[in-house]
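Participant: Sequence:
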Amino acid sequence: MDVISTLLLLVCSTLSSTLINSVAVDTIRPQQIIRDGETITSARGEFQLGFFSSGRSTNRYLGIWYKKISNGTVVWVANRDTPIINASGQVRVDDKGITLQTDDGIIWSTNTSISLKNPVAQLLDSGNLVVRDEDHTINNAEDIIWQSFDYPGDNFLPGMKVGINLVTGLKNFYTSWKSVDDPSTGIFTVGIDLNGFPQFFRSKGSAKWTRTGPWNGRQFSGSPQTNPNGMFTEKFVFNDKEIYYRIDPINRTSADIRLTLTPNGDIQHLVWNYQNQIWMVYITQAVSDCDLYALCGAYGICNSNSSPRCGCLRGFVPKFPEKWNAVDWSSGCIRKTKLDCAIDTGFLKYSRVKLPDTRHSWYDMKINLEECKRLCLKNCNCTAYANADIRSGGSGCILWFNDLSDMVGYTDDGQDIYVKMPESESVDIRRSRAMRHLLIILIVLVLVVVLILALMRLLVLRNRKPKGEGNLKFSLEGVALNKIQSEDWELPLVDFKRIVNATDNFSQDNKLGEGGFGPVYKGMLTDGQEIAVKRLSKNSGQGLDEFINEVSCIAQLQHRNLVTLLGCCTEKGERILIYEYLANKSLDSFIFDDEIGNSIDWLERYKIIIGIARGLLYLHQDSKLRIIHRDLKASNILLDHEMNPKISDFGMARCFKGSQTAAKTSRIVGTFGYMAPEYAIDGQFSVKSDVYSFGVLLIEIVSGKKNRLFSHPEHDLNLLGHAWKSYNEGKLLELIDEVILESPNQMEVFRVIQIGLLCVQEDPTDRPVMSQVVLMLSSNMKLAHPKNPGFFTERRLQDTDPFLRDTEFSSLNDLSLSSVLPRQ
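When the letters of the sequence shown are read in order and numbered with mature numbering (1 follows the signal peptide of the UniProt record, and there is no 0), they come out as residues -16 to -1, 1 to 808.
None of these hints come from the bench; they were simulated from the model.
No residue lacks a Cβ here, since even glycine has one placed at the ideal position from N, Cα and C.
It cannot be assumed that every hint is accurate.
Derived DEER-like restraints, expressed as beta-carbon distance ranges [to be verified]: (1) 556 x 437: 17 to 23 Å; (2) 192 x 328: 35 to 41 Å; (3) 328 x 521: 31 to 37 Å; (4) 179 x 377: 40 to 46 Å; (5) 666 x 226: 28 to 34 Å; (6) 666 x 426: 50 to 56 Å; (7) 576 x 89: 47 to 53 Å; (8) 511 x 666: 48 to 54 Å; (9) 223 x 119: 26 to 32 Å.
Calculated cross-link-like contacts (lysine-lysine; reagent style DSS-like; alpha-carbon spacing at most 30 Å) [unchecked claim]: (10) 357 x 155; (11) 303 x 322; (12) 495 x 591; (13) 162 x 52; (14) 333 x 350; (15) 569 x 481; (16) 690 x 162; (17) 608 x 709; (18) 569 x 608; (19) 188 x 162; (20) 506 x 690; (21) 357 x 333; (22) 766 x 690; (23) 192 x 307; (24) 192 x 162; (25) 362 x 303; (26) 225 x 101; (27) 771 x 715; (28) 322 x 52; (29) 591 x 556; (30) 690 x 192; (31) 709 x 771; (32) 155 x 80.
Put together the whole structure using the sequences plus the hints.
Facilitator: This is the structure:
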C-alpha cells in the first residue's frame, strides 16, 4: 500500500507541475525556477524571456526578444553589464521581485522597496516584464511594483516612456549597446534634461552630442518629421508629476515598430515588413553637421542648405573671424552694437528655426506671446522669447537669459523666436521709420507717374497719332524680365496670378519639396495641365544669375531625358520657373529608400541609367550649346509616370559655344560626393567632371547606397572606395543592392559597375566621354580595367571636419582654392 501511495503522489506532483506550466506560460511564481535553456512566453506569443548569447560572444544574458516575428531580436537585457560566463543562471521570484543568480550568488535583481505577499513576474505582449501581487490585475498601473519598461536598453518600444517621474525621481533613458556582439552599456545615451524648459539630449559619453529642441505641441522643434506617415502617435506629457515622451501604435499592425539606438549613435525607426520578414528602416536619425550640439557657437545659426554651414544672427559678427575662415565656428558670434537697456530696444524675428538650448531658460505655460514680450523687455538680462506651444495660434512663454546657442535654420519645420536687439537693429523700432520712408517714396512715385502720363499725353497730341498707335509698352518685370525678353528663347511669360491660382496660393499641401533654389509646388492650369512650379526663396543662396542661367541653358533644349521648361514669371519681384510635372518625383526617393526601392528591379534601373546617359550625351554633344551640368546627382534626376528619367536643375550649369569643352573657376558649386577631384580642388571643370558625377550615380543606383556617409564594418572607405575594393577582390556581389541581387542579368550589373569605375577614375584623361559611355552601355564591347577612383581613400567620418559631413552639401559662394575642400 505504501508503494501505491508513493506512486500516486508522484503522479499528482507531475500533473500539478504540468498544469502550472501550461496555465502560466507567461508568469513566474515563487515556486518556479527558470534555468538557462528554459523560457516563458507572453500570452499571445509576441515576446519571450530567457537566456541568450549575442553574436559571436559566449556570455549569457537574461533578456526579452521577439517570438512571433523576428524571432531572436533582443529588445531588453537584465544583466547587460554583468554577463554570465556559463549556463548556471537561474531566475527566481521572491517578495522583493525578480532575482538572477548563479552558483556564485546573486548578480542582478529588481530589489524593490515594497515586500509582496504573493509576488509574480509576468511577461506582457507589449514586451514589458512586470512584477506585481498576484491578487491584483495588471490593468491598474499603481499595482505594478516594478517593470522593465522603466529601465530601457537600446530599444524604445510602443508604451515605453523616456523622461522622469517627478514624484519618485525615477529617470527613464535608453543607451546603446557597446557593439552588436556586446549588450553592455555603450557610450550613447538619450534622455531628458530638466534644467529650464524640458528637452532631450543625445549624449556621447559625458558630452552633449545632439539636442532635440523643446516640444512645441506637435513635435520636437529640432527633430522634424519623425513620423511623416503617421505610423504611430506621439505623446509628450508635461505636468507636476511626470515628464515623458512616448509612442503608441495606432492599431495592432502598427505595434510592430520600434526605435533603436545603434552602437554608433544613430536613432533608427524600424517597421516589421511581413512580406519580406525583415525590419525595414523607416527613418534614420543620423547625425549630420547641423545636428552637432552648438556647432556654430553663441548667436550662430546652422543651415544645412548653406555654405558655409554656420552664420551669425543678424546684428552679430564672428567673435574670432580668423577661426571662422578656418571653418572653426565654436567661438560663436558677438553683437555689432552693445545692448543697453537704458535706450530703446526691440526684437528681430527668426522664423522656422530650432529654438536655442533651453537649459537656462524660464517658462510659464499660461502666459501668451504678448505678455511674454513685455516680460522680456522689462528684464535687462532677457535675450529672447518664444511661444512654448505653437498649436491653435500659440501659447505659453519661454524666456532666455543667456547666450543663444545650438540654433538651426529649417525650411518648413521649427518655430519663431524673437531676439532682443538695440534700436539700430530692431525690427519693431525700424518698422515705424520704414513706414514713413515708404509713404514718402509712394508719394514721390505717384507724382512721377502723373508727370510721365502728362508728358505722354502731350506727345500724343503733338504728333497727332491715330488712336492706338502711340501706346507705349511698359515692363514691370525688372532686369530679369528685360533680359529674358531680349533673348530669342521663345519662352512664355506666365502671369503671377495664374500661378497663384494653379498652386492654390502656394499651398503647403501642394508642396513637392525644396532645394537650394527654393520650394517646388504642384499646380494645375485651367486647361487641366499639371505643372511643377519652382519659386526662388527669399533666403536662397541662389539669385538672379542662377535664374537667368537656368532659363538660358534649358529654354531651347528638347530631349526626352531633359526636363521641359514651360515658362517663367518675374512679376512682383518673383523669379519663378514652370516645368512639366513629373509624377514620380526624384530618383533618390527610390534608390535610397529601403521600402520604395524594392519596387524598381534591375530592368527598371538599367532603363533609368540609359536615359540619364543619353540626356547627358545630348548636353555635351548634340545640343546647340555644349552644356556642362556641374550638379548631376540622384535628387536632380526626375522620373515621369513611366519611370523615364529627366535631368533637371540647370542653375549651376555652364554653356559653351564652338569647340570649348573645359574651363576654370574660383567659384566651386555642386554637391559634395559627386564633384570630381580636379573641380573640387583646382576649380577645373569639363565634360569629364560631369562624367565623374555620372559614374558616382551609377554606383549608387546599383548599390542603393549614397556615396557620402557610406559605412562598412571592415573598412572606412566611402562607397567609391568600397566598389573599387570589391572589384579588385572579385566580391562585387557584396556591393549590389539586395533587390537586384537575384537579377538574371547579373553580368550586366557587373558591367555597369565597371563602367561606373571607369567614369570616376582620378585622372580625367582616363575617363571616357559620354558618347563612349553610351556605346559601352548599349553594346558588349570589351571594357578596359579601371584605375583607382578619385576621393576614395580611407577616412573616419566622426574625425573629419563637421563642415564636410552633410550628404547634400552644396556651395554657392566664392571659395578660395586654398581653403579646406571635401575629402572622402
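Participant: Between residue 333 and residue 350, does the CA-CA distance stay at or below 30 Å?
Facilitator: With a Cα-Cα distance of about 22 Å, the restraint between residue 333 and residue 350 holds, given a limit of 30 Å.
Participant: Given the hinted pair residue 162 and residue 52, is their alpha-carbon gap at most 30 Å?
Facilitator: holds, 27 Å
Participant: Hinted pair, alpha-carbon criterion (30 Å max): residue 188, residue 162. Please report holds or violated.
Facilitator: Since the Cα atoms of residue 188 and residue 162 sit roughly 12 Å apart, the hinted pair holds (cutoff 30 Å).
Participant: Is residue 495 close enough to residue 591, meaning Cα to Cα at most 30 Å?
Facilitator: Holds, at roughly 28 Å.
Participant: So if I understand the rule, the pair passes when the alpha-carbon distance is 30 Å or less; does residue 506 with residue 690 pass?
Facilitator: holds, 27 Å
Participant: Can the restraint linking residue 192 and residue 307 be considered satisfied, given a maximum Cα separation of 30 Å?
Facilitator: Judged against 30 Å, a Cα distance of about 22 Å means the pair holds.
Participant: Note whether the CB distance of residue 556 and residue 437 lies within 17 to 23 Å or breaks it.
Facilitator: Since the Cβ atoms of residue 556 and residue 437 sit about 22 Å apart, the hinted range of 17 to 23 Å holds.
Participant: Next pair to validate is residue 690 with residue 162; report whether the Cα-Cα distance is within 30 Å.
Facilitator: Satisfied, since the Cα-Cα distance of roughly 26 Å is no more than 30 Å.
Participant: Hey, residue 357 versus residue 333, does the alpha-carbon distance stay inside 30 Å?
Facilitator: With a Cα-Cα distance of about 12 Å, the restraint between residue 357 and residue 333 holds, given a limit of 30 Å.
Participant: Taking 31 to 37 Å as the hint, is the beta-carbon distance of residue 328 and residue 521 inside that range?
Facilitator: holds, 32 Å
Participant: Given the hinted pair residue 225 and residue 101, is their alpha-carbon gap at most 30 Å?
Facilitator: Roughly 28 Å between the alpha carbons, so the hint for residue 225 and residue 101 holds.
Participant: Starting from the hint 50 to 56 Å, judge whether the C-beta atoms of residue 666 and residue 426 obey it.
Facilitator: holds, 51 Å
Violated hints, listed in ascending order, are 4, 5, 10, 17, 28, 29; each of the other numbered hints is respected by the structure.
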